[in-house]
Amino acid sequence: MEASPLSRILDDALAGASVDDARIREALPQPEEAAAMRRLLDERERLVRRDLQLGAIMASTRDLLDVHEVDAMLQRIVDRAFELMGVDVAYLSTYEPHEDQLYVRATRGIASPRFLGMVVPAGVGVASLAVRTRTPQWVLEYARTTLPHDAIIDDVLAEEGLRSLLGVPLVAHDRVLGVLFAATRHAHRFSADEIALLSTFGGHAAIVLQVASLFEDVASASQLAEDRRRHTEWAADLHAELARAAVDGADPAALTATLSAALERPVALLDADGRLVAGDGMLADAVPSLSRALRASRREGVAVVVAGAVELVAPVLASRERPGALLVGRATDQVALDGVRRRTVERAALVLAFLAVQRDAVADAEDRVRGELALDVLDGAPPAAVRRAAARGFAVDAPWVAVAVPATAETRARWVAVSGRRAAWLTAATPDGLVVLVPHASPAAAAAEVLATLGAEGALAVGAASTALSGAATAATLATTTARLAAGLGLDGAVDAASLAPYAGLFGGDGAAASASIAAVLAPVLAWDAERGTALVETMRALLDARGSVQSAAAALRVHPSTVKQRAARVGVLLGPAWTDPEARFRVEVAVRLELARRALRSPG
1 MEASPLSRIL DDALAGASVD DARIREALPQ PEEAAAMRRL LDERERLVRR DLQLGAIMAS
61 TRDLLDVHEV DAMLQRIVDR AFELMGVDVA YLSTYEPHED QLYVRATRGI ASPRFLGMVV
121 PAGVGVASLA VRTRTPQWVL EYARTTLPHD AIIDDVLAEE GLRSLLGVPL VAHDRVLGVL
181 FAATRHAHRF SADEIALLST FGGHAAIVLQ VASLFEDVAS ASQLAEDRRR HTEWAADLHA
241 ELARAAVDGA DPAALTATLS AALERPVALL DADGRLVAGD GMLADAVPSL SRALRASRRE
301 GVAVVVAGAV ELVAPVLASR ERPGALLVGR ATDQVALDGV RRRTVERAAL VLAFLAVQRD
361 AVADAEDRVR GELALDVLDG APPAAVRRAA ARGFAVDAPW VAVAVPATAE TRARWVAVSG
421 RRAAWLTAAT PDGLVVLVPH ASPAAAAAEV LATLGAEGAL AVGAASTALS GAATAATLAT
481 TTARLAAGLG LDGAVDAASL APYAGLFGGD GAAASASIAA VLAPVLAWDA ERGTALVETM
541 RALLDARGSV QSAAAALRVH PSTVKQRAAR VGVLLGPAWT DPEARFRVEV AVRLELARRA
601 LRSPG
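For reference, each letter of the sequence shown is one residue, going 1 to 605 in full-length UniProt numbering.
Each statement offered as a hint is correct.
Derived DEER-like restraints, expressed as beta-carbon distance ranges:
#1 565 with 468: 44 to 54 Å
#2 561 with 382: 52 to 62 Å
#3 274 with 413: 21 to 31 Å
Keep in mind that the hints were calculated from the coordinates and are not lab data. Glycine included, C-beta positions come from ideal geometry on N, C-alpha and C.
Can you make the complete structure from the sequences, with help from the hints?
Okay, here's the thing in structure tokens:
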């Protein structure tokens, strides 16, 4: 059967051939046939549009296989949605969940420069509704909707003249990543096909954003791993450097300086008494509750963070009972130490503790050796002991001073340890306290130096000189005997044994007996001088020195002879005429000279 003109036109149309309107009018003599033809043309137009849409969707899908430039990909998706949907404006906003806001990231058809980068706050407009419901949303007249509005956004949309808006959420793995919009400047009801088409492009945009997020996560993880590797290598290198320095015998100042340079922060090392050992002295007083911080760090086994100029306190456990402290100052930019650097500080504290233990062990061994050597020298200074001292670098042929320091048993042990830290000294404990052998030429100066080193304010130290170390035993005996005498006389401070040497032998070092002898002979004279501020004792010495000559005594005292006669008469009244007898005069002279020696030693100025 021969096909009708209408059928041939339909076949040509379906085949994509061009059909002019005149041919159609000739083939449609009847109204019913004209209506059918119109339906056919509409279907052809729909199929052509669908073909174009499928082509665009396929092109967009192929783009997803090569996501590199995220912004460029999003812009292409917006461009295709704009072209295929025939709208006036298309744009895409990305969603930031931690801020609950959307940011316009790509646009097409926009005239206002304020549109790109526009921020949509939480709960405002079609965008927030699409995010909250996760479904497409559209409005016929945006300005008349009852949705929450924002004045700035309304102003920008009005500037663009936008009326109808369609927004589809970009959802990936149950996460809303943004919203894709199509908008017109006239009132327009969006069809189901338009919503589906824009949703398809929205799905593509969601994939792009999701892939970009994964790339960012991978890059962040890679960067984090690289940072950790570099931090770990930095910490390992620093720890190895500190360990090598400790093994090589570096001092705490060098180790503290190394740590400070590596951390780029001030560092201070304190001993068990809170005194600065090395580093920045400004940090030493910057932790008012240092003892509490150290207790917390020992309890937790890690360094603790504190407030103020010092950020970190790490215990230096050379002694479990009395630890030192490693202080790390706060950075000027207030950036806190990370975990790697905190652990590095803790390792540095361990190295410093090891160094302190090592140093203490060496010092203890050295103290024992020098203590044994001191005992050998004091035990008559045998030649073997002197040779051993010379072998250890002591100047055995130079002048030495034996300094005797009376001390209780409790104080003696501590003072022996303190004086033992002076490498040039030799210290030994004695029943009365301790004897320190000091390479020095002045007994009084050596005794004063020993007292200062011991921190023994108000204590007594008696020094006796020796021309060489071989004579130190004899000097130590004299110093010890004189120290007993001086202690009994109530003296303190640094004393030269020579000032009391004659009396030390006379009284056998018994200071109590010497004081009693002075009191027994001179008590009335001493009382008279004390009550009236006279100088009878000094006058007695002048007369004794002058063998009784009033003129010579007056000249020595720089007073008138009659004054000497009056004082001598007063002494005769107080002591009786027997003090001038030979037997009595000896006891009086010893008492006078000893009393004046005691006074001179009490007031060296």
